[in-house]
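Enquirer: Sequence:
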Amino acid sequence: MPLPRWAALVGERAMRIGLKLGLVGFLLLLLLIPLAMLGGLVEERQARGQEVAADIARSSAGAQDLVGPLLLVEAQKITEKKRVVSRDGHLTQETEQAAETVHYLVSPAKLAVDNRLRFERRGRSLFTVPLYHGALSLKGQFRHSLPPSDDGLLRPVRAWLVLGLGDNRGVRALTIKLDGRPVNADPGTRIGWLPEGLSAPVPLAALERPFDFDVALDLSGTGHLGWLPVGAETTVTASGAWPHPAFEGRHLPETPQVGDAGFKARWAVSRLSSRVQQVLAGCPPVSGECAGLADGRFSLRLVEPVDRYLMTDRAMKYALLFLALVFGAVFLVEALAARPVHFVQYGLTGLAMAMFYLLLLSLSEHIGFGPAYATAATACSALIGHYLGGVLGGGWRGLAFGAGLATLYGLLYVLLRSEDHALLVGAGVLFAALATVMALTRRVDWNRLGST
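Here the UniProt record's numbering is used: the first residue of the sequence shown is 1, the next is one more, and so on.
Treat the hints as calculated values from the structure; they're not laboratory data. Bear in mind the structure is a predicted one, so any value in this text is a computation, not a measurement. Among the clues, some could well be false.
Claimed, not checked - Derived SDA-like pairs: lysine to any residue, alpha-carbon spacing no greater than 25 Å straight-line: (1) Lys317 / Ala403; (2) Lys110 / Arg181; (3) Lys20 / Ile33; (4) Lys317 / Leu30; (5) Lys139 / Leu30; (6) Lys110 / Leu30; (7) Lys77 / Pro201; (8) Lys139 / Asp218; (9) Lys110 / Leu252; (10) Lys264 / Arg116; (11) Lys20 / Gly404.
Required output: the full structure, derived from the provided sequences and hints.
Expert: What follows is the structure, encoded as structure tokens:
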């Protein structure tokens with residue numbers, strides 16, 4: 001049975017609208033190709049920046065992790081063996097002594113570390129890396145006690161104060177005082193699982209009573225500065241003029257103060273809240289590995305206030321949504337104003353929007369992310385607004401599109417700078433866009449539009 005004429009017309013008109021929407025959707029998929037190429041370019045530039053950071057760290061000093069000070073003691077373990085022998089028909093008991101060299105570690109009873117940091121930037125070409133220079137003070141007290149031994153007597157022979165570091169090249173100056181008396185330090189820790197660091201001899205007489213130590217260290221590094229709370233009572237303070245510190249690790253600072261002028265932070269860790277001393281007790285003092293020791297570390301990391309590559313990558317995650325919103329708006333105006341827009345004109349509009357991300361990436365390497373974003377958004381909004389004004393047959397329409405696109409770019413910037421509220425803002429934008437479309441088309445006869 002043939003369909004009525006009105007049904008055939010409705011079907012044909014719906015097919016026309018569906019075909020146009022299908023072509024626009026296909027174009028959106030095609031535009032994913034240049035967007036993917038731009039994403040690869042962002043990754044390439046980011047990798048290049050990481051290579052430069054690694055090169056600067058190799059030529060200066062890398063991340064610094066302080067372990068200690070610890071007291072390394074070399075001792076003779078005297079064991080006695082008794083045996084019964086027969087001499088001239090008489091049984092006698094003889095004692096033989098055997099000596100074995102052993103090592104053991106002693107943690108400080110108190111440890112206070114003060115870090116006063118200043119910062120500079122070093123770079124090559126367009127890439128820079130923050131470096132820190134710290135005036136460090138490590139003060140505390142050792143109370144030597146012999147570890148328990150079931151099968152022998154320990155006699156200390158030599159002792160060293162050991163300080164583990166991440167990279168010895170960062171040491172600029174060092175003074176060590178034991179009970180107020182300066183001692184000389186040598187590179188190397190004499191501990192196999194601490195390849196980088198320093199050691200200083202400790203007189204055996206100092207082991208007979210509690211003694212104080214005072215280490216003044218000028219230290220440079222990149223990336224982060226970390227500490228291991230080896231003391232029974234450990235306090236760490238850090239301050240500097242870097243406005244964007246990140247506190248990481250097992251322990252967080254107590255009430256840190258962070259502002260545009262810099263930061264101040266204080267950590268307080270006791271043996272009751274840290275397993276570091278227990279782990280140290282089970283580690284071989286000289287050779288081998290010390291598994292699990294790094295788990296107790298906490299650190300301060302220098303965070304870039306705006307990572308241009310990370311921000312560009314995040315912006316590109318919204319590219320398809322932006323294209324869909326703009327194409328949907330163009331299609332809506334095309335349908336309501338009976339102003340046909342060619343497939344090529346859609347494509348040029350999409351390429352202009354993709355150009356935004358290329359401009360953003362290239363400009364941000366020279367003038368910073370914020371100015372680059374404003375420049376790229378203004379340029380692309382003006383270009384697309386001017387172009388669509390001619391395509392849609394009205395300068396005011398182009399002006400409206402340009403203003404709307406600029407508003408979208410502004411909202412995207414808010415999303416990028418406020419990651420905690422990104423979902424809320426994004427949901428609000430989508431709801432507003434849907435509400436606008438529904439309000440504008442609530443009286444539209446789509447069957448009649450399909451014939452145009």
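Enquirer: Indicate, hint by hint, whether the structure satisfies it.
Expert: Right, here's what the structure says about each hint:
no. : hint            : result
1   : Lys317 / Ala403 : holds, 22 Å
2   : Lys110 / Arg181 : holds, 19 Å
3   : Lys20 / Ile33   : holds, 21 Å
4   : Lys317 / Leu30  : holds, 16 Å
5   : Lys139 / Leu30  : violated, 64 Å
6   : Lys110 / Leu30  : violated, 65 Å
7   : Lys77 / Pro201  : holds, 20 Å
8   : Lys139 / Asp218 : holds, 15 Å
9   : Lys110 / Leu252 : holds, 19 Å
10  : Lys264 / Arg116 : holds, 9 Å
11  : Lys20 / Gly404  : holds, 23 Å
This entry does not satisfy hints 5 and 6, going by the numbered hints stated previously.
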